[in-house]
Structure formats: C-alpha cells, structure tokens
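Listed here are the chains, written in short residue letters.
2 protein chains.
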Amino acid sequence: MNGAVELPLGEPELAFRAAGDTHVRRSVLPSGIRVLSEQVPGSRSATIGFWVAVGSRDEHPAESGNPATFGSTHFLEHLLFKGTETRSALDIAVSFDAVGGEHNAVTAKEYTCYYAKVQDRDLPMAIEVLADMFTSSVLDPDDFESERRVILEELAMAGDDPADVANERFFEAVLGTHPLARPIGGDPETIGVATRDAVLEHYRASYRPRDLVVTAAGAVDHDALVAGLSAALETAGWELSETAAPVDRRPAELALVDGRSALTVVERPGEQVNLVLGVPGLVATDERRAVLSVLNTVFGGGMSSRLFQQVRERRGLAYAVYSFAPGYSDAGVFGMYAGCAPKNAATVAALMRTELERLAHHGVTDDELSRAIGYLGGASALALEDSDTRMSRLGRAELALGEFADLDEALRRVGRVTADDVRALAGELADRPFSLVAVGPVDEHAFRSIVDQPDTRPDVA
Amino acid sequence: MNGAVELPLGEPELAFRAAGDTHVRRSVLPSGIRVLSEQVPGSRSATIGFWVAVGSRDEHPAESGNPATFGSTHFLEHLLFKGTETRSALDIAVSFDAVGGEHNAVTAKEYTCYYAKVQDRDLPMAIEVLADMFTSSVLDPDDFESERRVILEELAMAGDDPADVANERFFEAVLGTHPLARPIGGDPETIGVATRDAVLEHYRASYRPRDLVVTAAGAVDHDALVAGLSAALETAGWELSETAAPVDRRPAELALVDGRSALTVVERPGEQVNLVLGVPGLVATDERRAVLSVLNTVFGGGMSSRLFQQVRERRGLAYAVYSFAPGYSDAGVFGMYAGCAPKNAATVAALMRTELERLAHHGVTDDELSRAIGYLGGASALALEDSDTRMSRLGRAELALGEFADLDEALRRVGRVTADDVRALAGELADRPFSLVAVGPVDEHAFRSIVDQPDTRPDVA
Numbered sequence: 001m002n003g004a005v006e007l008p009l010g011e012p013e014l015a016f017r018a019a020g021d022t023h024v025r026r027s028v029l030p031s032g033i034r035v036l037s038e039q040v041p042g043s044r045s046a047t048i049g050f051w052v053a054v055g056s057r058d059e060h061p062a063e064s065g066n067p068a069t070f071g072s073t074h075f076l077e078h079l080l081f082k083g084t085e086t087r088s089a090l091d092i093a094v095s096f097d098a099v100g101g102e103h104n105a106v107t108a109k110e111y112t113c114y115y116a117k118v119q120d121r122d123l124p125m126a127i128e129v130l131a132d133m134f135t136s137s138v139l140d141p142d143d144f145e146s147e148r149r150v151i152l153e154e155l156a157m158a159g160d161d162p163a164d165v166a167n168e169r170f171f172e173a174v175l176g177t178h179p180l181a182r183p184i185g186g187d188p189e190t191i192g193v194a195t196r197d198a199v200l201e202h203y204r205a206s207y208r209p210r211d212l213v214v215t216a217a218g219a220v221d222h223d224a225l226v227a228g229l230s231a232a233l234e235t236a237g238w239e240l241s242e243t244a245a246p247v248d249r250r251p252a253e254l255a256l257v258d259g260r261s262a263l264t265v266v267e268r269p270g271e272q273v274n275l276v277l278g279v280p281g282l283v284a285t286d287e288r289r290a291v292l293s294v295l296n297t298v299f300g301g302g303m304s305s306r307l308f309q310q311v312r313e314r315r316g317l318a319y320a321v322y323s324f325a326p327g328y329s330d331a332g333v334f335g336m337y338a339g340c341a342p343k344n345a346a347t348v349a350a351l352m353r354t355e356l357e358r359l360a361h362h363g364v365t366d367d368e369l370s371r372a373i374g375y376l377g378g379a380s381a382l383a384l385e386d387s388d389t390r391m392s393r394l395g396r397a398e399l400a401l402g403e404f405a406d407l408d409e410a411l412r413r414v415g416r417v418t419a420d421d422v423r424a425l426a427g428e429l430a431d432r433p434f435s436l437v438a439v440g441p442v443d444e445h446a447f448r449s450i451v452d453q454p455d456t457r458p459d460v461a
Numbered sequence: 001m002n003g004a005v006e007l008p009l010g011e012p013e014l015a016f017r018a019a020g021d022t023h024v025r026r027s028v029l030p031s032g033i034r035v036l037s038e039q040v041p042g043s044r045s046a047t048i049g050f051w052v053a054v055g056s057r058d059e060h061p062a063e064s065g066n067p068a069t070f071g072s073t074h075f076l077e078h079l080l081f082k083g084t085e086t087r088s089a090l091d092i093a094v095s096f097d098a099v100g101g102e103h104n105a106v107t108a109k110e111y112t113c114y115y116a117k118v119q120d121r122d123l124p125m126a127i128e129v130l131a132d133m134f135t136s137s138v139l140d141p142d143d144f145e146s147e148r149r150v151i152l153e154e155l156a157m158a159g160d161d162p163a164d165v166a167n168e169r170f171f172e173a174v175l176g177t178h179p180l181a182r183p184i185g186g187d188p189e190t191i192g193v194a195t196r197d198a199v200l201e202h203y204r205a206s207y208r209p210r211d212l213v214v215t216a217a218g219a220v221d222h223d224a225l226v227a228g229l230s231a232a233l234e235t236a237g238w239e240l241s242e243t244a245a246p247v248d249r250r251p252a253e254l255a256l257v258d259g260r261s262a263l264t265v266v267e268r269p270g271e272q273v274n275l276v277l278g279v280p281g282l283v284a285t286d287e288r289r290a291v292l293s294v295l296n297t298v299f300g301g302g303m304s305s306r307l308f309q310q311v312r313e314r315r316g317l318a319y320a321v322y323s324f325a326p327g328y329s330d331a332g333v334f335g336m337y338a339g340c341a342p343k344n345a346a347t348v349a350a351l352m353r354t355e356l357e358r359l360a361h362h363g364v365t366d367d368e369l370s371r372a373i374g375y376l377g378g379a380s381a382l383a384l385e386d387s388d389t390r391m392s393r394l395g396r397a398e399l400a401l402g403e404f405a406d407l408d409e410a411l412r413r414v415g416r417v418t419a420d421d422v423r424a425l426a427g428e429l430a431d432r433p434f435s436l437v438a439v440g441p442v443d444e445h446a447f448r449s450i451v452d453q454p455d456t457r458p459d460v461a
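Residue numbers (the UniProt record's numbering), protein chains in the order written: chain U, 1 to 461; chain X, 1 to 461.
Quick caveat, the hints were computed from the structure, so don't treat them as lab data. Note that the Cβ used here is the ideal one computed from N, Cα and C, for glycine as well. Mixed in with the good hints there might be a few duds.
[To be verified] One side only, chain U facing chain X, incomplete, derived with CB under 7 Å:
| # | residue |
| --- | --- |
| 1 | G100 |
| 2 | E153 |
| 3 | A236 |
| 4 | G237 |
| 5 | L240 |
[Stated by the list, open to error] Stretch by stretch, here's where chain X covers chain U in the computed footprint (C-beta under 8 Å, at least three residues):
| # | stretch |
| --- | --- |
| 6 | 157–169 |
| 7 | 194–208 |
| 8 | 281–295 |
| 9 | 306–316 |
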C-alpha cells in the first residue's frame, strides 16, 4: 500500500510502505498498547519513544480537585527519571551513558514523550529501561522535593530568556482562555503547591496500557520490538492479560477561540525587544495544512522568505526573523518572530503585519510557489535521514493525525497547492484577530496603532 | 591504511580508511587548495564546507592599522551571503531554499567555515554557489551598512542571553591577554567603527587559494568533487595555474597564559545566576586529549556525571549543569557551567570547585572509567551518522590537528586511558589558577572565599 492510510484503532496490525524503502508497521496489543515501527534498511542505530497523549492542556487549577494540576505533567516527566522499584536515578542515567546513548523526554501541550537514541545492539536495553521508568516510577517524596527545586530552576532559566517569554505570552494572547494557551511547565506558584499525592494520582490515571504508544525507527525489527516491549512491561510488573481498547484520539474539532486582538507588553531591561505577532491558525488535521506549509515557507521559512528579505536583508532591522504555524487537535496559531532594537520595534511590528496583508492581497508568485514546494521536499528528505524525525512522525501520526502519510504522499499534497490556495488562506489569516507581544525595554504606546482595539492583558510577569 | 595518519601538507594525494566502511581522500591542488572527502556508502546526501584558518584570534585593534580589526572576520562572513558579481543575496538564498538545503556559516576563534547540506543531486549546485561566494563577494557599500545593523542585532541578542555573556567573560577571565580570550563577534564599538575598505582588504588577504580547505562527506565522489570545485572556482574568476603551497598550519606550541585567578561578576537583573568556573586547559594537539575526554565525561558529561549527580540529582540546585574542555592551537580552557538561584550561587560555585579537587585527590572509579569509555564510543558512533559531523572532523583534522584519526584509532586512544592518567590530569588542572564568572543578580562578595587572591576584572558590560 502507498500514500496516506487511516490508522484503524483497534485493528490488530497494518503494514504499509513509507518514505523511501522503509517499512512501517503498526500493532495494537490486546491490552490496548499501540506499537508503530519504521525499519530503515542499513541503519545501525534506532530511536524509540514512549508516548502518552497527555500534556499541559489537560491540566487544571489546584482548587478544581483534579490531580493533574498546572505544571504537574512536566513535573511527572521529571520524576520518571528519578528511579523505579529496581533502578535508582543513577542506574537509569548509567544505562544510557555507558553506551553513549541519547536519552531525554519532552512534555508538550498535547503529549509527553520519553525517548532514547542508541546503537542497534543497545535497543533491547533502551526498551527495558524506558518500560521500567514508564511503569514503575516510585515518586519518592524526598526526590519530589529535590526535583521541585530543579523545575523551579528550569522555569527561572526560561524566564531569563526573553524570546521564550514572548512565545509563551503569545499563546496566551492569541488563544485566550483555551487550554492550549497555558505555558507547558506551569509557573513557580503552581509548582510550589504541587503535591506528591496528586502527581502520583495523575501518573496512575494517565500512564495505563491503553494510553501507551511506542514508536521506533531505524534499525528496528517490528516483531522483536513487540516481543521485547511486552516482556519488559511484564517484568516491570504490568499485567497485560487484561483486554482494553486504546484511548480515543483527542477530538479534532476546531474550538471557538475567544477571538480578541490582544496587546501584551512585558517591559523589562535588555538590549532587544522580542516581538511575536500573529493570529489563530489551523488545527493539525485541517485539510489545508499543506497550503499552510507552503504559505509559511514563502512567508517566513528561509533566507529567501518575505520576512527575511524585507526585515533583515533589505533593512537590516533584525538578526533573527521567521514565521511559524503549529497546529494542535482543536486550535493552532500562526505567528511571526523578530528580535530588534527598541527604537525599531514599532517599525518592525508594522512591517511584519503589512507583509501578511500584502500576501493576502497579492498572493505569491509562481517562482515562490515552486521554490516552496522544492524546499519542503528537500528539507523533508534531509530530515528523514535521522531516525529521531521518523520516530516523532510515527508518534504524531498515531496521536494527533490518525493517519500516516509517507513522504511521497505528503509531497503530492504539497505539489497540488496553488497560488490561489495560498492567497485565500493568507486572506483568511489576515482577517483574524491580530495579537502582538513585546518583551523588552519598550512600552505599549509604541504599538497602539498596530493592533486594532486591543484587549490589553495585564502584565503578570 | 588504518589509524592516525599525519596529513603531509603538499603531498598530492593520500588515501586511507576511515570510520566504518568509509573512505577518506585528500588532495592538494597545485594552487595550494586542499580538498578532503569522506564517502559514506549508501548516503543520499552530502555536507560540504569551505574553510579558512582565520578567526577572531587573528584580529587586531583598529588603531594597529591591520585590516583584520576586532569583529571583522565575523562581519566578513556575513557579507559573503550578500552577493557576488553574478548572484544577488536573494539568488544565493534561493539556490539553497529551492532544494530545501541547509546553508550557513560559522566564525570561530581559529577558523571560518561556510557550509551546506544537500541531497546528492544538489551537490554540484552547492559547490558552485559556495565557490562563487568564497571568491567573488562584492562587499557592496550599502550592504555593508545594512549588515552592520544586522550584526549589532546579533550582538544584542547574545547580550540578552546571560549564559552567552558568562561564557564570553569566562574566556577573558582564564586567558587574560591571549588573543583566544576575545569574543568572536567583536563588540558594538568595534563593529560600529569597522570600515568596508578594511574588511575588503582582510578578505583579499585571507581568502586566497592557499588558504582554502574544502571538506565534504556523505554521497561524495572525490574525483568529481575536485573537478567540480576547480571548474567552479575558475568560472568564478580564480586563476588556478599559479603554483603555491598551502599556508602553514598554525603553530601548536602552548602559549604562556598570564595565569592569574580572576573573579568577574556582571551584576544584572534576572531570575538566575549563570556561573562559569574553571582553569586553563589543554591545546588541541596535546597527547592527553583522550585523557581529558574521559575526565570531562566522568566529571560533567552526562546525567550520570559527578556534576549532574552532585549539583542537580542530590541537591536540586540547578537545572543545567555540565563541564566543557575546548582546545585550540596554543591554549585551551576547562570549564564548568551551572545556572542557579541567586541565593545558592556561592554554594554551587564552591561545590563545583570542590568536586574538581575531589577528582584530583581521589581519582575515578573503575566503573566510571569504563562507563566514560563506553560513552565516548557510543556517542561518536551516533554522531558519525551525520555527514555534518564527518565534514567538520575533516576540517578540524586538516586545520588544527594535522592528522586524521579514524573512529577505531580514536577509540583505541580512549581505551588506553587509565584511572591514574585521569587523576594526574585532574590534579594538574586543579592546581592551575582558578577563575569564576557570575552573571545575574548577585554581587562579588558572595564569591570571595571561592577564588584565591582574585584579580577582579572591571565589569565593562
């Protein structure tokens, strides 16, 4: 089989051809565990990830009584490295360090993923250790307090990064009260009041067999992966004989974002103003994702893009300038970033907004369209050389998209995008409520004329 | 041939076996151009770099009359993207963007490298465009002024990153008046007074055939590379019939660093204090580089390292904590980094210094030694999957080391390291003048007891 394939949840196994010569297989175990693999011929290493579809958007205020309080999903992710019934934190670290493997985790807005990249011979070890961490973390009370301090340092580090701050505030500005608007790690206050009992309850409720998705790419044999994973989970104490269906995928309906224009200025010392501007975007499963990829490439995706040329090459107003367009299950954002001198901040912000309007009115040239299509094809081919990228694509296919599009099919969709499609989408985006965030030595009066009737959000920083 | 091979400068060609099944070849063209390639069977992409052994250390104050003024090497690197006799800045960007290639450059303390990563079919294009940029940049006066503003923004961005600031100040603290101590990009003042005439003169003096080293790895055929490169350079206007020997490698004698202890505190607002502590290290060609790799791995190289365990795992005092040990032709540094709460800064600094002294007195365990050896082997094997890494290793071999050690030989050297070697080197490092840099909301009194008789450098930030 070829092209895009709906992944039928609950179906025992499905095999289909994927990018290049690789072979993607998917199994659903009786316990509800899903396993997806992509074997890359000739590869001598593998990347494996253990995923759950739980992220910061699934969290609640402490007073709600829900154990998944703000920041607790990221807190839990940290704790899984602190030890199990049979492995100390040092044991876990030594397992990967002794073979030079990479080993980390990421908490996102809609998922959490624990992953490792190792040489082929070390894949059984990686499966065993990740399975143990995933199933058997002890969440020791002393470790809980120590890790609370580590997370507060992580938040402080991000707080000292003005681009990080601007990005977080941008999601809040555009998505308002939507759960995707909240920062992933919580804040010092919510981390300060998190309790071990609640995080433990969150762990038990969210890390069940039916929640688990394992994806692997590179030097991986699917049958051996399924067998090794099952054995490792059972050794770690999981009872896999109970039958269950995997959890349902998160509903993919577009939520109503409370579409107001917002102006957020976080005034603080520094040499630059970090600007993030933009509008609500598209959901991850929107059929116009390919159009948006082309639009984002032409607009702010490389050194030949409109933003780079207008802001940096022609005017020398910024060093870093680009656009971005992440999509989630029921919301998305389309944003532009630039870091610039305070005296130029209003000019740069106005210029970026004008460029979006110009794209909406005049569309893209044929040259730009074909260049963007070439860009997306070439960049994807290079990215797929890494097993990390393939492992992530499988997880995203299973958790967010419900289909796996091989490279050929993905590029066919991009190749069908027309200049009219791009202009229509740009027009739609340019008409949405426009928000602006500025972090640095600047005050909000500079931007009043750029954001229409803004809902100025209080600066809580 | 196998193992480490002295690269005889001026010898027409040398072939030897490299990591895995790859094949490394080196040619010296009559004009003095050096070409090194590593063909990786089965690879569908390639990374190519154009190098010169000119970096920030080769710069001088404006009043010296030398055209390579502080920051001008990095300035020149930016200008090479701005256009040639036959290609505009947009043309250059479009060439790579249209095929989804990666395309960038790096200015370092001892070299500058322009590179591209592309699919195999696009390698001839990459050679042509890079050759044109390297030989035929016009350094247009208007572009010069516009790019001056871009570089000032780049410096401002780095100035807003407290870890960047701490790292730059650390080199100044440890290396004092040595040319390697200076920051790579210059500062706003030196960039402000740079002139187009001087940068043009610097370009003409430093980018001659005898300066050029081209390295490529991945899907690359050596003979085709040499032929394509020669043709591209001649098309761009270079006269290659003149015979010349390559420039001599930079002398690798250890310079006398003015070994004083220094305490540098850059007091500024923020949530964390960024600490960098350490001592003068080893030169790049020191025969104890393998010992230092093992030492650095045990001490601060991974989650099982001493620093990670003592500072983060046991005490929760930092999120990011690690050590580093870069070596240059005639100097090096050994440093430790941590970002922590202001109230813990003195504790963390003292703890890190104590850990170095503990390593000096008690050495490493057999477990730690064998784990570090496993770490270096595994991490190298994973890193060599990327043609980027292989391309960089070839450049470093030619410019800095004068030999190319294949993976097997490199690991043999690491495998011969003993616990006594590590302890002896740790003892030597711990006895060297110790410097400390802190950037954040803290004052110098906190650290007086940690640095012995410090030479407090003025805060010029």
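*Of the hints stated earlier, which fail here?*
The structure conflicts with hints 3, 4, 5, 7, 8, although it agrees with all the remaining ones.
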